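Participant: Going down the list, the sequences are from chains A and B.
755 is the number of the first residue of the first sequence in the numbering used here; add one for each residue after it.
755 is the number of the first residue of the second sequence in the numbering used here; add one for each residue after it.
Read the hints as simulated data drawn from the structure, not as lab findings.
This one's a predicted model, so the numbers in the text were calculated from it and none came from an experiment.
Incorrect hints may have been included.
The list makes no distinction among identical chains, and a pair is therefore deemed to hold if it is satisfied within one copy or across any two copies.
[What the hints assert, rightly or not] Below, computed lysine to aspartate or glutamate pairings styled on EDC-like, alpha-carbon distance capped at 20 Å: (1) K1095 with D1007; (2) K1075 with E999; (3) K1027 with E1087; (4) K1020 with E1031; (5) K828 with D1080; (6) K852 with E952; (7) K1027 with D1007; (8) K849 with E802; (9) K828 with E948; (10) K849 with E1093; (11) K1020 with E1087; (12) K852 with E930; (13) K1020 with E1093; (14) K945 with E797; (15) K828 with D908.
These are the residues of each chain, in order.
Protein chains: 2
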Amino acid sequence: MTTPSRIAVDAMGGDGGIAVMLAGVAAARRRYEGIHFYLVGDEAQIREGLATHPNLTAASEIVHAPDVIRSDEKPSQAIRRARTTSMGIAIDLVKQGKAGAAVSSGNTGALMAMSKLSLRTMKGIDRPALAALMPSLGETDTVMLDLGANTEVDARNLVQFAVMGAAYARTALDLERPRVSLLNIGTEEMKGTENIREAAAALREAGHLRLDFRGFIEGNKLSRGETDVIVCDGFSGNIALKTVEGTARFVADLLRRAFANSIRSKIGFLISKPATELLRHHLDPNNHNGAVFLGLNGIVVKSHGSANETGVATAIGFAAKMLRDDLIRRIAEDLGHIEAKAA
Amino acid sequence: MTTPSRIAVDAMGGDGGIAVMLAGVAAARRRYEGIHFYLVGDEAQIREGLATHPNLTAASEIVHAPDVIRSDEKPSQAIRRARTTSMGIAIDLVKQGKAGAAVSSGNTGALMAMSKLSLRTMKGIDRPALAALMPSLGETDTVMLDLGANTEVDARNLVQFAVMGAAYARTALDLERPRVSLLNIGTEEMKGTENIREAAAALREAGHLRLDFRGFIEGNKLSRGETDVIVCDGFSGNIALKTVEGTARFVADLLRRAFANSIRSKIGFLISKPATELLRHHLDPNNHNGAVFLGLNGIVVKSHGSANETGVATAIGFAAKMLRDDLIRRIAEDLGHIEAKAA
């Protein structure tokens, strides 16, 4: 494409503040071709920060925002400050069509609420969902949604999540016909809640959709690479994703303790450093950073609050890829297929 | 205590069949003092199996059962065959007061349904729950419940699970006043479903209970050792527990791949074998095996279907300890405290 992807970055959100966000944007500028950035936040601070990133001058534009959403701020409060905050203004740039996507490392609840209010839910979608990539033993990462936008869902929501998740996997993972599974507490048809069984029945019938429905998947199989998209309610999804994160850290901590246990093990650890580094690289959340709100009329990517420069660049890369692949149009097409079938 | 703990073992359930079950009982006999066993199953097969375990002869009694519950049998079918199956007869020995506890590695749903029907739910408990121990970085394991007995729960159920889980932690982990947390998707008061928030409000008021309520805990903190009892609905609990299991295996698999990646790493791996063995020992589910159905008028322990000899012995050890510590009476006492307070 000749026209650049235009991405609005909330330069103020995230634990590391403006320095990490700008370093992340600069890294994305080095890593990806053809992105133009709107850097939204305190103009003086951004200008000062840019001094150390000369590669950004030609590729970015500062949009001043006098205020910032705090990380502990309630969504209901945050939405009242959409017009003056860096997060709100970044989303508004998407709404106005100036930017194709917004990226923020700030308060998730606020970002969700503001995005929904400003960009509105797509036709055919009852509720947007938060999706992210998880590392797996397979050839690609695995998409998982919803990760916390909806604590309770019905069968219809789950089917819509499946459609959106498959469209996302087609762009983020370059898959033709992604395998989709519903998270459940067993693999037999009778297992789980009525909502899940009903969603499974609907997906089994949905041969016209561009996805390959594989039935139920249990918590112990999330990382096996046996499916491409894992669909669930936001409560269990959030628990499962954080449990993966916590357990990986737990095992790494146990391993560190065990290695520190004897001189022999310490020596072994030093020798096998390339192996443990490889593991660390594979599991580093910064290499999978960037959850996306699916189901809105615009692309909003949530970068982890603790993401570093690499993480922010990864999240920006996802946003750019979704823009290039025209994700929103793809989802709309798939929803059209459901409607056509229903009619 | 001078009278032995009497434990009924379903000798037929589990992937490894009768050989693994008897080897597990024999290992428990060597490991723990003063247990008398009822070995329930096909008499001829058990007698034949006992030939290789002479230490069991004086300590066990065979109870013949002509039939076995299959692992894929629906609970609704299984309960009709309670009187003729090894699982049903083992539970009945508890009901009759001949045994203090039953242990089975068979079909979980069938075991739950049969136990509930035969032993009945305790006064003051609306629904029994399945509890188990998870490895943690703390000084003791962590109790988690419900793990799948109830896919949907209300606030009252969650409070009862907290009381039962705390009583279980006092006996299984020898804790005076266990720390109890509710699993949630955030730690702020407003997070999660209404049921969870309501349960939290009730537990915050419950200073008279022998537990220390610590609020909400997220999925990434399950293994940190920051709490002793994690309370949740059976759907998320099952997902979380299996996700811990799957992720630990995933990290171990990645590590194996990484170690196999170069000769240098292979050598490092061999040298650090004591460390990786320590890790394997700590994470081996057989060392934490034995989920217990809490809230029934009797003790029923579910051993994992794939448990080996060590795992079966561990599950039997839990059953014996609950008997010695009079767990059922303890739970009843705590429920009495709730009622007294309510009155």
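Participant: All hints, please: hold or fail.
Facilitator: Against the structure, the hints come out as follows:
no.	hint	in the structure
1	K1095 with D1007	neither (51 Å within a copy, 43 Å between copies)
2	K1075 with E999	neither (25 Å within a copy, 34 Å between copies)
3	K1027 with E1087	neither (48 Å within a copy, 54 Å between copies)
4	K1020 with E1031	both (15 Å within a copy, 14 Å between copies)
5	K828 with D1080	neither (32 Å within a copy, 47 Å between copies)
6	K852 with E952	neither (41 Å within a copy, 44 Å between copies)
7	K1027 with D1007	both (15 Å within a copy, 17 Å between copies)
8	K849 with E802	neither (28 Å within a copy, 76 Å between copies)
9	K828 with E948	between (32 Å within a copy, 17 Å between copies)
10	K849 with E1093	neither (26 Å within a copy, 56 Å between copies)
11	K1020 with E1087	neither (56 Å within a copy, 50 Å between copies)
12	K852 with E930	neither (31 Å within a copy, 61 Å between copies)
13	K1020 with E1093	neither (61 Å within a copy, 56 Å between copies)
14	K945 with E797	neither (55 Å within a copy, 34 Å between copies)
15	K828 with D908	neither (26 Å within a copy, 26 Å between copies)
Going through the hint list in order, the structure does not satisfy hints 1, 2, 3, 5, 6, 8, 10, 11, 12, 13, 14, 15.
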